[in-house]
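Chemist: Sequence:
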Amino acid sequence: MRHIKPLLCLLQATGSAESGSKPRTQAELAKLLHSNPTSLSRFVSLADPRIPSPVFIKDLYKAAHSEAATTGHDLGVTLEALQDLRTSAEGERRGCQQCVELGERIDSLTQQLNAPCPSCVAYQKEQEESVAEVADLRKRMAALRAEMQAMETIEAGLQVRLAMAKASRTPLPVPRRQRDRQRSKQEVTAARQLTARAGELDAAGKENEALGLLHRGTIELLTPAETALVIVELRQQKRDHLADNLIHVYSRDQADRPVMAVAMELHEEGAVDDAGAVLRAALR
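So in my numbering, the last one in the sequence shown is 1364, and the numbering has no gaps at all.
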């Protein structure tokens, strides 16, 4: 039956939690539908198609409906319509004259199943944009860290020269260090870039995407000091719901050392309540 192929493709392409969202194999798909790989191949065969049982149709629709609810896909067909298609196909195979008039309906429903899903296309586009944003942030952070390393190298040379001067002559006043001020500026820049993009998503009603971007950015790209500044920036922008959720997921997923570092940075920034919230979330 060609009209069940799109549903099988959906289940096979989306993968499973056990496989780390990798596409399912034919054997995994057959196990999910309480069938076997040979039967699945025959159901979609053009040369010698087989008609699945009502139980298989029910299991297939149930699994596809559950997957669609999770990913935002639109199946475009009901269980009743699939059962009607199966009954019609079985009648045609047996030579039932009364079932011939349902042929046009079968073709119409088949076209619905094969038509592109608008919500699926939109979801895929959003995923690609999110991946591109993370890649762009990663490039910017790499450039900032390269600048920091260059400054640290220059500072190391100055420190050596200063030490030599102290050893050979009367001690000179230590010049005011510029590294902390420059580093703070870079940290603020990184934090504001991430917070600004998350704020745009949140303002557009995409709170989950905003939190996902914050989570990936702080875990994969930012230092604990930069992460603390992100939380402070969110508070200043009155986006308390994003700040609270970020504290929860960051403290849950990170190791003890970076969590403690974030709490310390928040305390130094005067965000005592958030520092305590980070520690409490890590202990849960």
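Some hints here could point you the wrong way.
[Stated by the list, open to error] DSSO-like mimics (lysine-lysine), calculated; alpha carbons at most 27 Å apart, straight line:
#	residue 1	residue 2
1	Lys1138	Lys1111
2	Lys1138	Lys1219
3	Lys1286	Lys1102
4	Lys1102	Lys1085
5	Lys1142	Lys1111
6	Lys1138	Lys1102
7	Lys1111	Lys1085
8	Lys1205	Lys1102
9	Lys1085	Lys1219
10	Lys1219	Lys1265
The hints are simulated quantities; they were obtained by calculation from the structure and are not laboratory data.
Chemist: None of the hints should be skipped; say for each whether it holds.
Modeler: To see whether the hints hold, each was checked on the structure:
no.: 1; hint: Lys1138 x Lys1111; result: 15 Å, holds
no.: 2; hint: Lys1138 x Lys1219; result: 48 Å, violated
no.: 3; hint: Lys1286 x Lys1102; result: 26 Å, holds
no.: 4; hint: Lys1102 x Lys1085; result: 19 Å, holds
no.: 5; hint: Lys1142 x Lys1111; result: 14 Å, holds
no.: 6; hint: Lys1138 x Lys1102; result: 25 Å, holds
no.: 7; hint: Lys1111 x Lys1085; result: 17 Å, holds
no.: 8; hint: Lys1205 x Lys1102; result: 19 Å, holds
no.: 9; hint: Lys1085 x Lys1219; result: 41 Å, violated
no.: 10; hint: Lys1219 x Lys1265; result: 18 Å, holds
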